[in-house]
Amino acid sequence: MSSSMPPVLASYVQQCIDDRSLTTLTSVLDTPTNWLLIRFLVSALQKSNHGNSAAAAQSRGAPANNYKVIFVSVFRSFDTWSELARKCGVNLQDAVASSKLCYIDGLAVGGNSPIGAMPLENLTLRDLNLCLISAIKVLSAEDPSSKILVIIDGIDFLLACQPKTSSNDIQQVLLELQSLVHGVVTTCAADSALLHSTDASATPLELEHTTLARGLAHQARWLFQLRPLETGQSKEVSGSIRISRGGAWESNEGARDLVEGEWLFHFRNDEGVKVWGRGEA
Amino acid sequence: MSFRKRNVGISDGRRPQPTVPVASTPVRLPGVRPSAADGRPVTSTGSASFDGLFAGHGGLPLGTSILLEESGTTDYAGALLRFYAAEGLMQGHYIHVVGLPEQWGRELPGLASESSKKSVETPHDDKMKIAWRYERLGQHGTDMAARDRTPVAATDMVSVQSGPQQTPFCHTFDLSKRLVHPPTAQVKFLRPDPNPTKTCFASILSELTSVVKSTTPDTIHRFIVPSLMSPALYPLHSSMPEQILSFQHSIRKLLAAYPNRLTLIQTLPLSLYPRSSGLTKWVELLSDGVYELTPFPHSADAEFAKSRDPNTKEEPPQGLLRVHKLPILHDLGSGTPLADTDWTFTLSRRKFTIKPFNLPPIEGDTDAQQAAPKDDQPKKAEMDF
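Residue numbers (UniProt numbering), protein chains in the order written: chain A, 1 to 281; chain B, 1 to 385.
Accuracy of the hints is not assured; some may be wrong.
[Stated by the list, open to error] Only pairs whose alpha carbons sit at most 27 Å apart, straight line, appear in this in silico DSSO-like list of lysine-lysine:
| # | chain 1 | residue 1 | chain 2 | residue 2 |
| --- | --- | --- | --- | --- |
| 1 | A | K235 | B | K355 |
| 2 | B | K198 | A | K164 |
| 3 | B | K188 | B | K177 |
| 4 | B | K177 | B | K355 |
| 5 | A | K47 | A | K137 |
| 6 | A | K87 | A | K47 |
[Said to hold, decoys possible] Going by beta-carbon spacing under 10 Å, a handful of chain B positions derived as facing chain A:
| # | residue |
| --- | --- |
| 7 | L236 |
| 8 | M240 |
| 9 | L245 |
| 10 | V290 |
| 11 | T294 |
| 12 | F296 |
| 13 | E315 |
By construction, these hints were calculated from the structure, which means they are not laboratory data. All C-beta atoms, glycine included, are put in the ideal place defined by N, C-alpha and C.
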């Protein structure tokens, strides 16, 4: 595990990657999940970096632990992700070139996405699904023993900009995806404006988003919720992170000693991320 | 009374610090300087005070978009757009304006003349003497004026190094004057497509893309999208989620494709699309920076002015400016967070001033405060210890 990962989060992220499960990260306007999502990506890629020893283990008959990642970014640029990953000591361009990473670019128009990235020309769920399936085929053809982790940032935007897409369609796609790959990590906006369902004046956009957010929480095994401090902005604290079990948590998994909890975090690019409990220094 | 230093201005965060540049541009582009926080290229919004609200970067980072939300019927956000456009013209940037008539381009604020600048700086004679030893520190008001200009002075030096002609990073504009367009000015006005069967932004986007593509890599473009989804400027179907959100997404595509050449400021009328609606939230989520302007009601404004010391030449604040999201800082963590989310703004003839928000002491009650001790204070004899 790299030093860029806060020690508190390390075991949670590790388990989310190891388990065959769906993980949901929720964000609010001024606490985006970028830094957390890139740490999922980096953790998986770094496991994959141990690929040489894994290959050696495989030759001795042990199961390989080789990870490959499919990263979907719907509305954030590749530059953003590569800048974040660089601070964690990973070069995304190289990862794409060595086909450890398949980058599906929702902003593909110019020449700034890496060579080998898959453009998502039409912003529809159908196109995304086709893109994902072909990426899975390509990656598993190269190395059938590798585990594939799919990370999707901004799948909820497809719901907002496509009136014909329903939250059920997205959940359907995610369920199918889970049966094809090792694990799925997805993000979802959780601003209060998008989550009022009881309101009689709620628009279809808001209702569908609420349904999706609830559905993702039920489908996920772990939920990571980022939100700003309720008491206002602070220079020392960026926000709070709450890690809780989702609807897919099974009670017979009690042997694992990971507990639900809430911590404060501070995100500065130069210093990385600091996560600590309330009241701790 | 708090113990926070009151004389720390918002321009404080952009003092150049020795940091390693992240993306260094080999050729210095006009009106672009490296950020004080991490060296990424930034450009001026045309208002020195607003430039100070970009998380220590000292300007709007290239490749980012800003959303200015305004409630009510006032047009303070429009004034910021005018400064932004005028600054772009002075720096030789390309300006692309969506939805407004060409008349708007002719009414941009002109450059403030040097003499009028100086008149502000001269201290007024009827100053009250507090103590002679403080005299050399200068007047409070002039201090503020001088501080407002420090970033300009600093950038003057930067541009001196780069080329023979001195073009400051941020000009001072006068709203009562009209800008004389430089001969090389490039201003384009784009109209949304009124045909309800088509997406109204498609023609705008294809035109923007082709212009950016056809210009050389050293040209900077500024996009101006006023009053998003307002029925006054756009066809009604523009406010359908699929139309407006696809437009926002395409804008992000453009910004991502040409990361160091474009900036965008758009405004949104909050009275039509309140922040509590999901559509507005998505527009916010797709913008890099979100600022909300809430003008004070007129009566409160007058009261505020009365309560202030009539000797100070400071104008009363006209509204509240709230920072909801900062470009670069929230997405990439680079930069210094602002000390506060709440600021006040004042639009005067010459500039848009943004200051930290603090409530003045209640002064109307002084009579009661002084009268009270006389009547109500118990006499010494009555006090029983």
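Checking one constraint from the list: CA of A/K87 to CA of A/K47, max 27 Å. Satisfied?
Answer holds: A/K87 to A/K47 is near 18 Å, not above 27 Å.
For the restraint on B/L236, tell me whether the closest CB of chain A is nearer than 10 Å.
Nearest chain A Cβ about 16 Å off; hint violated.
At a threshold of 10 Å, is the proposed contact between B/F296 and chain A supported by beta-carbon distances?
Status violated, d = 21 Å.
Would the hint on B/V290 be counted as holding, given a Cβ-Cβ threshold of 10 Å to chain A?
holds, 7 Å
Are B/T294 and chain A close enough, Cβ to Cβ, to be under 10 Å, as the hint says?
violated, 17 Å
Under 10 Å, Cβ to Cβ, is where B/M240 needs to be relative to chain A, so tell me if that hint holds or is violated.
holds, 8 Å
Hint B/E315 vs chain A: min CB-CB distance below 10 Å?
Cβ of B/E315 sits 27 Å from chain A, so the hint is violated.
Straight-line Cα separation of A/K47 and A/K137 no greater than 27 Å?
Holds - the C-alpha atoms of A/K137 and A/K47 are around 21 Å apart, at most 27 Å.
Please check whether B/L245 passes as an interface residue: C-beta within 10 Å of a C-beta belonging to chain A.
Constraint on B/L245 satisfied, holds at 4 Å.
With a cut-off of 27 Å on the C-alpha distance, tell me whether B/K177 and B/K355 pass.
With a Cα-Cα distance of about 25 Å, the restraint between B/K177 and B/K355 holds, given a limit of 27 Å.
Can you confirm whether the C-alpha distance between B/K198 and A/K164 stays at or below 27 Å?
Measuring from Cα to Cα gives roughly 17 Å; hence the hint holds.
Is A/K235 within 27 Å of B/K355, Cα to Cα?
Answer holds: A/K235 to B/K355 is near 18 Å, not above 27 Å.
In this structure, the earlier hints numbered 7, 11, 12 and 13 are contradicted, and the remaining ones agree with it.
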